[in-house]
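This is what each chain is made of:
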Amino acid sequence: MVKKLINNPDDIVNELIEGFVLINSKKVKRIGDSNAIARIESPIKGKVGIVIGGGAGHEPLFLELIGEGMADAVAHGQVFAAPSPDHILKAINAVDGDRGVLLLYNNYAGDVLNFNIAQDMAREQGINIETVLINDEISSAPLERREDRRGTTSDHFIIKLAGAASKAGMDLSTLVKFLNKAVYNSRSLGVSLSACTLPQTGLSTFTLEEGKMEFGMGLHGEAGVKKVDLMTADETARTIIDYLVADLPFVENDEIMLIINGYGSTTRMEMFIVAKNIYEYLSEKKINIYSGEIGEFCTSQEMAGISVTMIKLDDEMKKYYEMPAYSPGYIKP
Amino acid sequence: MVKKLINNPDDIVNELIEGFVLINSKKVKRIGDSNAIARIESPIKGKVGIVIGGGAGHEPLFLELIGEGMADAVAHGQVFAAPSPDHILKAINAVDGDRGVLLLYNNYAGDVLNFNIAQDMAREQGINIETVLINDEISSAPLERREDRRGTTSDHFIIKLAGAASKAGMDLSTLVKFLNKAVYNSRSLGVSLSACTLPQTGLSTFTLEEGKMEFGMGLHGEAGVKKVDLMTADETARTIIDYLVADLPFVENDEIMLIINGYGSTTRMEMFIVAKNIYEYLSEKKINIYSGEIGEFCTSQEMAGISVTMIKLDDEMKKYYEMPAYSPGYIKP
Amino acid sequence: MQNVFKLNDFIEILKIADTEIDKNKQYLSNLDSVIGDGDHGITISTAFSKINNEISSRNFDSIPDLFKFVGNLFITSIGGTTGPIFGYIFIGMASSLIENKKDEVSLSEFYNMLSAALQKVTSIGKANPGDKTLVDTLNAAVSSLKESVEKNMELSEGIKAMAVEAQKGAESTKDMVATKGRARYLGERSLGYQDAGATSVFIILNAFNIYLQNSQ
Amino acid sequence: MQNVFKLNDFIEILKIADTEIDKNKQYLSNLDSVIGDGDHGITISTAFSKINNEISSRNFDSIPDLFKFVGNLFITSIGGTTGPIFGYIFIGMASSLIENKKDEVSLSEFYNMLSAALQKVTSIGKANPGDKTLVDTLNAAVSSLKESVEKNMELSEGIKAMAVEAQKGAESTKDMVATKGRARYLGERSLGYQDAGATSVFIILNAFNIYLQNSQ
Ligand SMILES: Nc1ncnc2c1ncn2[C@@H]1O[C@H](COP(=O)(O)OP(=O)(O)O)[C@@H](O)[C@H]1O
Ligand SMILES: Nc1ncnc2c1ncn2[C@@H]1O[C@H](COP(=O)(O)OP(=O)(O)O)[C@@H](O)[C@H]1O
Ligand SMILES: [Mg+2]
Ligand SMILES: [Mg+2]
Ligand SMILES: [Mg+2]
Ligand SMILES: [Mg+2]
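First to last, the protein sequences are chains A, B, C and D.
For the first sequence, our numbering gives the first residue as 4, with consecutive numbering after it.
For the second sequence, our numbering gives the first residue as 4, with consecutive numbering after it.
For the third sequence, our numbering gives the first residue as 5, with consecutive numbering after it.
For the fourth sequence, our numbering gives the first residue as 5, with consecutive numbering after it.
The reader is advised that the hints may include incorrect statements.
Here are the simulated lysine-lysine pairs, DSSO-like style, with alpha carbons at most 27 Å apart [what the hints assert, rightly or not]:
#1 Lys172(C) <-> Lys184(C)
#2 Lys289(A) <-> Lys29(B)
#3 Lys48(A) <-> Lys289(A)
#4 Lys289(A) <-> Lys321(A)
#5 Lys29(B) <-> Lys335(A)
#6 Lys335(A) <-> Lys335(B)
#7 Lys29(A) <-> Lys321(B)
#8 Lys29(B) <-> Lys322(A)
#9 Lys178(C) <-> Lys229(A)
#10 Lys6(A) <-> Lys215(B)
#11 Lys29(A) <-> Lys335(B)
#12 Lys184(A) <-> Lys322(A)
#13 Lys289(B) <-> Lys48(B)
#14 Lys229(A) <-> Lys184(C)
#15 Lys164(D) <-> Lys72(D)
#16 Lys30(B) <-> Lys29(A)
#17 Lys288(A) <-> Lys30(B)
#18 Lys335(A) <-> Lys289(B)
#19 Lys6(B) <-> Lys6(A)
Honestly, the hints are just simulated from the structure, not real lab data.
Kindly produce the complete structure, drawing on both the sequences and the hints.
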């Protein structure tokens, strides 16, 4: 049995959206009864409209990341399933102002298929529309096939940059280049300590034996790079950082954004302990943390574990990071 | 075995504080190596210093609630254990400006004992100091013994009011009256679906059989009012609201603050579904939701479940609620 | 005994597919939860209910009309990997008939339909036989149809043979290492488990067989 | 055979208490996790280690000096319910001797000490015998000491009897319904489980007995 607070399993995503819109009724609007939700003031003149989206079940991603200085609309699929093109197209139409539309989402096969179809449909309507794919997760493919990697926990940061730059008036093609640079410099890797269950079925997406943890586990239970005996927070931190640093690679005097993300049932207490260990280790490596964030930015239901994201910053990225952002799921004052 | 990302179990709270201070190094300072942490600009002239605190393990409460428009300092105990008076006194001394100090914490026997000792020690030093106890949890004692009730998930709201009012220059005795009014109008009740484990020992504080849930479970696994078969989100929402409404009681046309809090491993998806059901039910009851918040404000390690807080508002409370607040764990722009 | 499919046969077959998928919903989700993310049974069964709902309130001019409608519904409103991939199967099937407003389909025309579907899906999804996807089922079915057409078989015999081979195709994914879809992250660990999509395509193809067997 | 406690005896007894508490740390946490929040073993063992550490680097003028120091350390730096409650036990013990700089304690003076401790804790914590707290252990110990003093018993005999009664006192909490502390929320459901604090007070009182038995 699913031990979750739900009603009709088939109605989960619909009720999720309803609850979200009720709590944020002054800020967002649902497009009809679709799974497309947009900022209430959409479409906004003078800015590229930012459309994000993907499967549900990763809250606050993506639903809660629409707002001033963040995304303009979101298209949601069912739990762990890409949204269909009709929802995506509704989101696109809701935010299409006078500067075009950007689709910004994670690189999963299902998402790419559906967003591409929607993009084609929008182009047929004469909309100026481009795509940026997020693919920060290093365990999902070797560096040579970086374009095959999936997107994970750098999402809210990339979305934040997109929101700030589009708000500042950056045009669509410059925005695509800017965000691709940010994605290019983003690296994430996570570790799981226990599985999550799909709320509709109550089935676990995988099993992790007592005393084991897995590096590189995907957000939907896709297997990782290695399963090991449970490590301490410090060993975990160092192992993840070693992988991340080697991948870009990050080098001495690099200035980075550090994000420590909780997947679901891992406590903030644990995240802060990991943070302490990472700060110490990166300081040994003379890599400078420009800013550090901890929290649940991208969850995978009640999975236990954390992921770490390192993003190499330059002045342009810092500038747009520092601008304020106000979304229900992410605020930067 | 404890399946958590920690290092030395005896060092958990120390490392938690270190990680927190590293990430927020521009905003907070630790007093020596104590468990007292204060805003970096403390003591602040012209305002009552707000000291909060309690056992660790409920993050973001209390640690992460210090900041502009929120509390000024926090004293932390070990996991689920009240802080000792020496830490509390350090927090008091750090924020004692020229308008006195307010101790604001939850009504648990251990906390009351320790904070009272610290208050006596501060008075001996000549500090003008008062206490407000939070006791919103309705299942812990009948209404006739309201002063025996424990404090739970209205904390961040009451702390927010204290931060805003003290910042606006309210004097200590007026502040005590104002906050006692807010506490008087606050009611919370939660439901647990699974237990939490103490990170030092890996022991569960209680067990909840497959298919069962418990109303009124405490934040440390203290037993609740009734154990029942797992309900739907809607039934759960209605049951909680019925208890809360009957207790104050809330009546037609009351204007309330609604807080839906996740205890740890319950997803935001579930919280939004519960929110939808609560909005519908309160609208049937003609009780007006002035503002609704969902999130993890007061957790109990990885316990599954939610709590609902209803606070009856008046104009004074609304005024101070609307003022901005910036703390690592709670931001109101 | 009928030797061609007519429009109404396909409508009935889609109903059978819906029923059969529904029966196997949990099983399909189980398969997907071992090597994928556990939602395939839900997605595909929701899709078939939706499709049958929409079909029942509509009239169709021709067989390609019906298949185009089903394909587009899959593509635009189902989501997941399933939506587009299964959508293009139906679109592919329609495409081989689209020239003339067809109202009957022989075994050899059915072979052309499925063959076009296979091509379409391969070009969209870039999965080849052996990659542990529904392409393995489709491919086995197409090969079987080809042989049956060459042997000049009766419709119901050819379809029966196709269903048998489709099942084998689905089962053959057990011994494959996934290189496409979510299961690819598992690599060698995906060995020994049958692919969910390959199984649901078998169930759907088998609906054609069940229909013909029942109507005999 | 000694008939009084001297300063150094108490210092040694605190070491034994530390060792005994440490041995029972897990057991005490288990007891607390059934009807409380599971931390009592950790809190009390951390406290005793800290206390013995601090004591070892200090000199004390008198017995009340030592007990006041231990009590204050508990009160100011341990936290939880344990810190203040156990602190006031030691402060209470010191208070009955505080008038004159005492350097020996007879059985009857020890009875006065524990009796003052019981009073102090009751006035601070408002728990009475029967409320399923450490007061039940303390109360049993004080009654036993009273009787032994009246019977003019030897020190070690009186302390031995006290330990036996303290154990019974701790065990008696099993049959009580909690009305104080975290266990009170359990109400009737707390029946059948022994109180953690009552158990640790027994362990500490038993350290006095172990010391005297060993030094015979
Ligand atoms: N590139 C592809 N080409 C063809 N079929 C594919 C491809 N990728 C995945 N599939 C099929 O899709 C099925 C998974 O569908 P579903 O569970 O609905 O999607 P998701 O992986 O998005 O959860 C797999 O079992 C596989 O047969
Ligand atoms: N009011 C009280 N008076 C005396 N002893 C008490 C009182 N409340 C609790 N205790 C004792 O404290 C013990 C719990 O201590 P501990 O676990 O350290 O504290 P906490 O309840 O804060 O976690 C209980 O087992 C009980 O014996
Ligand atoms: Mg999926
Ligand atoms: Mg405790
Ligand atoms: Mg799937
Ligand atoms: Mg305890």
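The hints, checked one at a time:
1. Taken as a hint, the Lys172(C) and Lys184(C) pair is honoured in the structure, with Cα atoms around 20 Å apart against an allowance of 27 Å.
2. As the CA atoms of Lys289(A) and Lys29(B) are separated by approximately 20 Å, the hinted pair is consistent with the 27 Å bound.
3. Under the criterion of a C-alpha separation no larger than 27 Å, the hint pairing Lys48(A) with Lys289(A) is inconsistent with the structure, at around 44 Å.
4. Only pairs whose Cα atoms come within 27 Å are accepted, and Lys289(A) paired with Lys321(A) is accepted, the gap being roughly 19 Å.
5. Note on Lys29(B) and Lys335(A): the hinted pairing holds, with a Cα-Cα distance of about 15 Å set against a maximum of 27 Å.
6. At most 27 Å may separate the alpha-carbon atoms for a hinted pair to count; Lys335(A) and Lys335(B) meet this at roughly 10 Å.
7. Simply put, Lys29(A) and Lys321(B) have alpha-carbon atoms about 17 Å apart, close enough for the 27 Å limit, and the pair holds.
8. In summary, the hint linking Lys29(B) to Lys322(A) is supported, as the alpha carbons are separated by about 19 Å, within the 27 Å threshold.
9. Distance hint between Lys178(C) and Lys229(A) is fulfilled; the C-alpha atoms sit about 23 Å from each other, no more than 27 Å.
10. Straight-line distance between C-alpha atoms of Lys6(A) and Lys215(B) comes to about 9 Å, which keeps the hinted pair within the 27 Å bound.
11. Only pairs whose Cα atoms come within 27 Å are accepted, and Lys29(A) paired with Lys335(B) is accepted, the gap being roughly 15 Å.
12. Restraint check: the Cα-Cα separation between Lys184(A) and Lys322(A) comes to about 14 Å, which is no more than 27 Å; the hinted pair holds.
13. Between Lys289(B) and Lys48(B) the alpha-carbon distance is near 44 Å, which puts this suggested pair outside the 27 Å criterion.
14. At most 27 Å may separate the alpha-carbon atoms for a hinted pair to count; Lys229(A) and Lys184(C) meet this at roughly 20 Å.
15. For a cut-off of 27 Å, the pair hint linking Lys164(D) to Lys72(D) stands: about 25 Å separates their Cα positions.
16. In summary, the hint linking Lys30(B) to Lys29(A) is not supported, as the alpha carbons are separated by about 31 Å, beyond the 27 Å threshold.
17. Between the alpha carbons of Lys288(A) and Lys30(B) the distance comes to roughly 25 Å, so the proposed pair stays at or under 27 Å and holds.
18. About 35 Å separates the Cα atoms of Lys335(A) and Lys289(B), which puts this hinted pair outside 27 Å; it is violated.
19. Taking the CA atoms of Lys6(B) and Lys6(A), the gap is near 20 Å; set against the 27 Å cutoff, the hint holds.
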